[in-house]
Amino acid sequence: MKLENGHVSERALMFSVFCFMQGTMLRAAFIVAITKNDSWAMAFTGLVFSLLLIVIYVALFRRYPQKNLFEINESIFGPIFGKLISVLYLFFFLSLAALNTHDLGDFVVGHMMPGTPLTAVILLFMLVCVYAIRKGIENLLRLSTVLAIIGVGAVVINSGLILKDVQINFLKPLFQLPLEKYIQGTVTITAIPMGEIVAFAMIVPMLDKNKSAGKALAKGLVLSAIFLAFIMLRDIVTLGPLITIVGLPSYESVRYINVAGVLTRMESIYAIILISLFMFKVGILLYASVLGLAQLLNFKSYPPLIRICGASIFFYALIVFEAVMENVDWGATTAPFFSLTFEFALPTFSLVAAVIKKAVTPQEAEG
Amino acid sequence: MKKRKAKAPKHDLIRKTNRFPQFAKRATSLILCIGIILSFSSCWSRRELNTLAIVLATAFDTTTQPEMLQVTAQVVKPGQIKASSSASGGEATQKAYTNIKSIDKSVISAYAKITRMNNRTMYFSHNRIIILSRELAEKGISEEVDSFTRNNETRLNVYLLVSEGKASDILNEEFDLESIPANHIAEMIENQKINSETAITTLRDFDIAMLSDSTTPLVPIIKIYETDGKNDAKLEGTAVFKDGKMIGEFNVSQTRGLLWVTGKAHQGVETVQTDWGQVDLRFSHSQGSFKIVKNEDGSTGIRIKIDARGCIDSNATEEDISTVQNLEKLEKKAEEYIRGDVEDAIKQAKALSADVFGFGEAIRRDYPKDWEKMKGNWDKEFLMLEPEIEITVSLTCTGGIGKPIVPGGAE
Amino acid sequence: MKLLLCFVGFAAIAYSDLPGLIKQKQRREIIMYIMVYLLVLGFAALALFDFKAASPIKMIQTFYRDFLHLSF
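First to last, the sequence lines map onto chains E, X and V. Residue numbers for the first sequence follow our numbering, so the first one is 1 and each next one is one higher. Residue numbers for the second sequence follow our numbering, so the first one is 1 and each next one is one higher. Residue numbers for the third sequence follow our numbering, so the first one is 1 and each next one is one higher.
Hint data in this document are derived by calculation from the structure and do not stem from the laboratory. All of these numbers come straight from a predicted model, not from anything done at the bench. Just so you know, not all the hints are guaranteed correct.
[To be verified] From the derived model, a few chain E residues whose C-beta atoms are all more than 10 Å from chain X:
{"no.": "1", "residue": "F91"}
{"no.": "2", "residue": "P114"}
{"no.": "3", "residue": "K211"}
{"no.": "4", "residue": "L242"}
{"no.": "5", "residue": "Y256"}
{"no.": "6", "residue": "P303"}
{"no.": "7", "residue": "A353"}
[Stated by the list, open to error] Okay, derived cross-link-like pairs now, DSBU-like style, lysine-lysine, Cα gap no bigger than 35 Å in a straight line:
{"no.": "8", "chain 1": "E", "residue 1": "K67", "chain 2": "E", "residue 2": "K215"}
{"no.": "9", "chain 1": "E", "residue 1": "K164", "chain 2": "X", "residue 2": "K105"}
{"no.": "10", "chain 1": "E", "residue 1": "K164", "chain 2": "X", "residue 2": "K403"}
[What the hints assert, rightly or not] For each label pair, taking beta carbons as the anchor points, the in silico distance ranges come out as:
{"no.": "11", "chain 1": "V", "residue 1": "L38", "chain 2": "E", "residue 2": "P303", "range": "34 to 44 Å"}
{"no.": "12", "chain 1": "E", "residue 1": "V146", "chain 2": "X", "residue 2": "E388", "range": "36 to 46 Å"}
{"no.": "13", "chain 1": "X", "residue 1": "E135", "chain 2": "E", "residue 2": "K164", "range": "47 to 57 Å"}
{"no.": "14", "chain 1": "V", "residue 1": "A14", "chain 2": "E", "residue 2": "F44", "range": "21 to 31 Å"}
{"no.": "15", "chain 1": "X", "residue 1": "P368", "chain 2": "E", "residue 2": "K164", "range": "23 to 33 Å"}
{"no.": "16", "chain 1": "X", "residue 1": "I34", "chain 2": "E", "residue 2": "K209", "range": "42 to 52 Å"}
{"no.": "17", "chain 1": "V", "residue 1": "I34", "chain 2": "E", "residue 2": "V146", "range": "47 to 57 Å"}
{"no.": "18", "chain 1": "E", "residue 1": "V156", "chain 2": "X", "residue 2": "D146", "range": "51 to 61 Å"}
The beta carbon of each residue, even a glycine, is placed where N, CA and C say it ideally should be.
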C-alpha cells in the first residue's frame, strides 16, 4: 500500500532542505522589520529552536519508520481521529503553497512586469510545478543539488560585487533592542523559514532504511542558517537604516551594484534564482498536499490528484490576499503562530500521544 | 541495473510498432516548446524599445507659481549619438538628446503630464543624475526624494546635484567631450575621487542620512561659468540639507576638510606656500577617520585622525626639497594646511548647526545609551563639541627627479 | 472570457485524469476524485466571481488574533 516508491539520497535531502529555505530567505523583509540591524543573529537563535523541532520529528520518525506524516497520524490516533488531524495538516500545506505562490506572483508583478495580471503569472507557475511533480518527486529532489549551488553562487557573486559600497558601521549598535524584539524575531524565524521542513515529513520515507533523516535535515538547516545570516549581513551593510523601509532588501541591494559601469542590473539574475527556488518550494509543498490527499482518500496511487491539487492551489493563491499590506501584516503578526501550531504543537501532541500509546499497550509490536 | 533492463524492451517496441505515436509525441512537445518560449518572453508586459523614452537625467526647478514644479527630463535619441560625435568639427548637427519639460504640482503628476505631450513613456532605469535647483532645495525636496526611492524603475545609485540657478540650464549645456550632457556630468562626478574636493552623494546615501536623527545630507553644487563666451559646468562646493531643506553650503576648501574628516579623501592635490616658494603635493592612499572617545569626566569627545601620504608633484622653488630637513618642513606646512581645512569645515558646520560629519551617528553606534541622553538636544551638544585633530603627513617620494632644475642643480 | 478559460482548464484536467482511472476500474477512486473535483470547482467559482470574503487566510487571521489573542 505504499504510495511512493522513489528513493532519495541523504545528500539530496540535505540540499532539498537548503533550497526549500533559500527562496524564503531572499524575501526576508518580514524578519528585518522586527530586529533591524541585528537580524543576522536571529538566524542562529532560530536555528537552535529549529533543531529542537527536528528532535521532535526524528523521534516520530524513529517510532514509525518508513511512514510519512499522514500515515503516522493514522497509526497514533486511529483511523478516524488520525484522518481529522491529517486534514488539518493538509490544509496547512495547501495554505503554505498558496501563500508562497502568491508571494512569487506579487514579486513578479510588482517589480518585474507591472502590467501583467497576477492570474497569468500564477497560472504559468503552477503549470510548471504540476509538470515537475508529475514527472516524479525524485527528479525534483535530485535537481536540488544543482539549484542550491547555483543559488549560493549567485548570491556570493552578487555580494562580492557590492563589497565596494558597503559600510560596516551599519551593523552597530549591536544588540541594543529590547529583549521582546529578539524573542519575536527568533520565533518568527523558527516558524516561517525553518519550521516549514515539516513538509519534508512526507518525503523522509523515501530515504533508505539505514540512513538517518535527522542528520540530513539538521545539516540542511545549519547550512540555511549560515546562508541566511550571510544574506542579512550583506543587506544590512549595504542598505543600513533603509533596510527597514524598502520592501525587498536583497533586491534593492543587488540593484545597487555598479562595477565600472559594466556590471550593472544584476537584479535579473536575482529574479531568475528567486523564481527557480520558489518553484522548488511550491513543488515540494504541492507534492506533500497531493500525497496527503491520496493518503486521506485511500487512493492506490497519487498521480491523478496532482492536477486537481494544482488547480486548487492556483485558485487559493488568487484569493489569499487582496493587498500587499495585508501580506506584511499577516507575516509580522499571525503567521508565526499559525505555522507554529502545525510545526510544533501538533507534532509534539502526536509524539506525546505515541509515547502514551506505547506505554499503555506494551504488548503490541511497534509500528 | 534495473534501469538498463527496463530500457531494452522499449527499443524493440519502437522498431516494431508504427511511427505515428512517436511523431505525435514529438510534434506535441515541439508545439509546447514554442508555446512556452512565446509566453515566457513576457508578451504581456512587453515594452518595445521604440515606445520608450530613455531618461538619462532629470532636473527639478521652481516656477513662478509657488506650488508648481518644473520637471525636465533628458531623453536620449539613440540614433543620433554616432552622428553628433563624429561631426564635432563644426557643422550644426542634430543633438543626441532632447530635453522634455513639464510643469505640474508634483513629480509624478508632471511625468504623467508628459505622456500627454509625447509618443513615448518615460523609462527611468537609466537615469544617472538628479539635479535640483537651489531655490527648490531651499524650499524642500522630500517629495522628490520619496518618489524616486519608492518608484520601482529608478535606482538608488543615481547621483544628486544642486545647481546654482536653473537646473534645466545645466541639461542644456553642450559639452565637447560627450554628446549627451547627462553622461558628461555623471562621469564628471565619478571622476571626482581623484581630487577629493567634492562630496559624492547617491540617492542611497541621501536617504540614509535623511533617516538618521542627527546627520545632515550633503549634495554637491554644480555651477555654470563662462570662459571665452562658452558655457561650462563645474562642481564647486557642497550644499547642506536639514529636514529636506537646504540650509547652507560649504566652499571647496571646507568640503576638502569635510572629506578628510569623514575619511572620503583618498587622493588629492595641495598647493603649499613655503618660505622659498610654492610646492605642490599630491596625496594618494590617504585615510581619515574619527572615533568617539570618552573623556575622564564622562562626556564624549571626538578624536579625528588623518593620515596623509603623498608625493611632491612639482617644485616651483629653487630649493632642493628632497633633503630630509626640507621634507620635514614641507610635511609640517602640509599639516597646517590640512588642519586649516578641517577646522574651517568644523567651524562652518557649527555655524550652520549641521552635523555633516556623522558624529551623532557614531555616538549612537558606539555608545547607544549616551546617545539616548544626547538625542534630545543634539544641536546644542554638537556646538559644544571640540574635536581633537591628529594629522600625520608623510611625504614618501619626490616623483621622477630629486633636485630642482636650476642652474647649479646638477652638482 | 475568464469563465471560458476556466471551463476549458477544468475540462482538460478531467480529460487527462479520468480515462486513466476509468480504465483501471477503480470505482472508489473515481467517486472520490469526482468529489474533490467538484469541491475545487466550487472553490474556483468563488474565486472567479470575486467572492473575496471567503479567503481562508483571513479567517485564520481573525481566529488567531481575536479568538485566541495569539499575535504580536
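Taking the earlier hints as the rules, which of them does this structure contradict?
2, 4, 5, 9, 10, 11, 12, 13, 14, 17, 18
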